[in-house]
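Colleague: The numbering used here applies: residue -5 is where the sequence shown begins, and numbers increase by one.
Simulated from the structure, these hints should not be mistaken for lab results. What you are looking at is a predicted structure, and each value in this text was computed from that prediction instead of being measured. There's no promise every hint is true.
[Claimed, not checked] No farther apart than 16 Å at their CA atoms in a straight line, the calculated lysine to aspartate or glutamate pairs in the EDC-like style are these:
#1 K242 to D86
#2 K244 to D86
#3 K85 to D245
#4 K244 to E219
#5 K242 to E92
[As the list claims (entries may be wrong)] Between beta-carbon pairs, the in silico distance windows are:
#6 A117 to D245: 31 to 39 Å
#7 E198 to S106: 33 to 41 Å
#8 E198 to T234: 30 to 38 Å
#9 K85 to G191: 23 to 31 Å
#10 A117 to V240: 31 to 39 Å
Glycine included, every Cβ here is placed at the ideal spot set by N, Cα and C.
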Amino acid sequence: MVAFIRSPTQSLTMRTPTSGFADELGQLDGDDSNVFGPELGEFSDNEQAAESAADDAGMKTGTTTVGLKTDEGVVLATDMRASLGNMVSSKDVQKVEEIHPTGALTIAGSVSAAQNLISSLQAEVRLYEARRGEDMSMQALSTLTGNFLRSGAFLIVSPILGGVDDEGSHIYSIDALGGTTEEEYTVTGSGSQFALGVLEQHYEDDLSLEEAESVAARAIKSAVERDLASGNGINVAVVTEDGVDVDKYKDIDQLL
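Please take these sequences and the hints and turn them into a complete structure.
Modeller: Set out below in structure tokens:
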């Protein structure tokens, strides 16, 4: 899964009520579409699309991503391997991206969907700041991310959102259908079951950022040793009120 997100995105237009609004509502009888939602086009049922995407051997997938929060900020970490069916398609991919001045997103899942999701979120965050003169809160950003995923346009992607705002540090686990929960720590991806056990054992509320980096690295290393779709190093994003710092390490032991 690749997250090279530097291309412009198309703007989203909003439907507004017209004189025929009542007629439009009548036409939507039995349809749960939101007439005020972004015009993202027509998509098949989310769950059916997710199953179809999961069965597509030609889709680049596979990863392990973890996120944990501390009083000082949040740490997000991912491995650096992308897979194409049973083949390793890349050994040096960045799966965590800055999407907000004090927020970042990890991605597990489809490459194209991840690229689209991240660039769309970056555009919405910039637009929000331009219109309101302030940064979007992490709660609002998590809601926006969940709404995008519920639209069905970005299947199949399972991100972790981490960031810092006026209310402190936040980690959000967001599933492929848009379900959002705030956590102390969380994992996604094909190696998540291996990484989660490490976080359960080593996470503590009073971790420093440096200690949190080490715990995240241990979790990724555990997944790399057991999950065929994870490997080839680690990307670590440290997010504080001062911004987002992303580094990569080919040798995970450098962080242990």
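Colleague: Could you run down the list of hints and mark each one as holding or not?
Modeller: Against the structure, the hints:
1. A distance of roughly 9 Å separates the Cα atoms of K242 and D86; the hinted pair therefore holds under the 16 Å criterion.
2. Between K244 and D86 the alpha-carbon distance is near 9 Å, which keeps this suggested pair within the 16 Å criterion.
3. For the hint pairing K85 with D245, the CA-to-CA distance comes to about 13 Å; that is within 16 Å, so the pair holds.
4. With a CA separation close to 14 Å, the supplied pair K244 and E219 stays within the 16 Å bound.
5. Between K242 and E92 the alpha-carbon distance is near 14 Å, which keeps this suggested pair within the 16 Å criterion.
6. About 35 Å separates the C-beta atoms of A117 and D245, a value consistent with the hinted range of 31 to 39 Å.
7. Roughly 38 Å separates the CB atoms of E198 and S106, a value that falls within the hinted 33 to 41 Å.
8. Distance hint check for E198 and T234: the Cβ-Cβ separation is about 19 Å, which falls outside the suggested range of 30 to 38 Å.
9. At roughly 25 Å, the beta-carbon separation of K85 and G191 lies within the given 23 to 31 Å, and the hint holds.
10. For the pair A117 and V240, the supplied restraint of 31 to 39 Å is violated, since their beta-carbon distance comes to about 20 Å.
Of the numbered hints given earlier, the model fails hints 8, 10; all others are met.
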